[in-house]
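Single-letter residue listing:
2 protein chains.
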Amino acid sequence: MRIAVLSGGIGGSRFIQGILAAVEPTDQVTVIANTADDITLFGLRVCPDLDTVMYTLSGGIDTARGWGRQDETWHAKEELERYGVDQTWFGLGDRDLATHVVRTMMLNRGAPLSEVTSALCERWAPPVHLLPMTDDVVETHIQTTLDDDKRWIHFQEFWIKHKAAIPVHAVDIRGAATARAAPGVVDAIAHADVVLIPPSNPVVSIGPIVAIGEIRDAVQSTSAPVVGASPIIGDSAVRGMANQLLDGLSIRVSAAGVAEFHGSRSAKGILDGWLVDESDASQVADVERLGIAARAVPLWMTDLDACRRMAQDALALAETVGRS
Amino acid sequence: MRIAVLSGGIGGSRFIQGILAAVEPTDQVTVIANTADDITLFGLRVCPDLDTVMYTLSGGIDTARGWGRQDETWHAKEELERYGVDQTWFGLGDRDLATHVVRTMMLNRGAPLSEVTSALCERWAPPVHLLPMTDDVVETHIQTTLDDDKRWIHFQEFWIKHKAAIPVHAVDIRGAATARAAPGVVDAIAHADVVLIPPSNPVVSIGPIVAIGEIRDAVQSTSAPVVGASPIIGDSAVRGMANQLLDGLSIRVSAAGVAEFHGSRSAKGILDGWLVDESDASQVADVERLGIAARAVPLWMTDLDACRRMAQDALALAETVGRS
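Quick mapping for you: the protein sequence lines, in order, are chains A and B. First residue of the first sequence: 1, per our numbering; consecutive thereafter. First residue of the second sequence: 1, per our numbering; consecutive thereafter.
Just chain A, with the same shape it has in the complex (with noise of 0.2 Å):
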């Protein structure tokens, strides 16, 4: 089988364990990873959603944090705080800069992002086939109001200098208008037997993957059933921040209102099926109602074996779909 999965960091890389536990060795699991929440800092390019997938699924994540590698230290970013620089908000560890040092020399050397991906990857071997989702430039920024003054500032400012807690006017995927698939990603998606949507931020993960165009012709065209599970169980997010960012943007906080904003692939979006938690179980209707095929299951993704069932589920219901 081949899994062709859109991931974000953290709770994308939680499902994408729960599908390599369900699957059989043999199947191929291709993850398209958001890079849109990347950002140069101090001339080095961080790229935290790709790493946090090949971390976690290589055995280098601090799995507590959820981010970032295991046995870290923050010598370098305690330097950077004395030397004064902007952005030490930023978690940076020791390890981790490592990663950015030598992804920065490629690509200043010309690489383009994937390949570089792929030479970090030949170190830590993850058991997927991890693909950006573009080699171009796209930034997530966010318009809010800083000190009165209604500006825009790159995504990572907003979510982890500003803890998300400052206005949401608006969202853009800088550059996602005019960016190419990077290599593989249109083709992975086209040959999947099933397209996954992991439970991750529809705005700032999801969002920026299918904003462009080429990624969301494949996953409007693909002959694979698209499945999706819901990030919000109830009507908050399961991990992170999101609730700010989907209200400034009058998106509904609930697991029928994402399914509403990634649309039915009968009616333009992106979505097969989708996956509710089981207190949602009410609005299976809803989802329904929207041309999409919907389930309610348990979604907390508390250990590996609520991941794998999950991720059945997932499977179960791109079946289903996929004979309708």
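Honestly, the hints are just simulated from the structure, not real lab data. Some hints could be false.
As the list claims (entries may be wrong) - To give an idea of the interface, some chain B residues facing chain A are shown, with a C-beta separation under 8 Å as derived from the structure:
1) F42
2) D94
3) N108
The beta-carbon is built from N, C-alpha and C at its ideal position, and this holds for glycine as well.
With chain A fixed as given, assemble chain B onto it according to the hints.
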């Protein structure tokens, strides 16, 4: 009093500590540091001599090792090795790395090295005015034989990776012929009351500084006396692996041999005075025959007090020379 010092790394830093201990707080010490040891590693610009001087004079150095930061960790370097990148033979600590990241970021934004050095020194506040010899890229390359292949390698590769234990056929101070002195360098030498040359490597520390035409001219034409201290005691270098380098260039490995290499100002060289170690007192006459005033004094920089006395001896010799 205005003192200009032409300096390499470790030996220079210790000698400067001696100068600072010997002079009044109102005396101005300008350090013109060798930058031909500089190297770009993993896309980061590393300036070993500038940093050694900056760290040493500001309490940031690892005193036992003599280079790099105290309380250092090596996690980024470990990771770089695991990524299999080249050049991991260079000792790049996590704290130290931050200095190179900040420097590279500023250089890439177009700031000249002198401005970057000044910015880094804002944090460290060394009690001297620290200047790079030049804002241009000047790098020492060594012609050697590796695997039966005669070729040029960067000085750091020769020194650190190969521990100077490979043949030296020639030394090229690349870029020196066209390099300009950094802002402030020529003035500091021209308006100095005394110019001091620490017991630094003549070929790869002091040599590159005076290989820059404007600096050599300034040293040769300043009204200040120019006095140095021998980095050789007996028949070996006080520190490091200078012997192989000097041997390879057919420079006599002795206090008088180095004095001859630098030459007397009266004969288009750079020295008026030269300190040799008390154990080399027999060479005083040889040095003086070169037209260079010489004194035999203790040159082992065993502790700060020894460094202070050595600086006092250099200043005393300068006074004698200046009056003559």
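Hint check:
The beta carbon of F42(B) comes within 5 Å of a beta carbon in chain A, closer than 8 Å, and the hint placing it at the interface holds. For D94(B), the interface hint holds, the least distance from its beta-carbon to any beta-carbon of chain A being 4 Å, beneath 8 Å. Among the interface hints, the one on N108(B) holds; its C-beta lies about 6 Å from the nearest C-beta in chain A, closer than the 8 Å criterion.
Of the numbered hints listed earlier, not one is contradicted by the structure.
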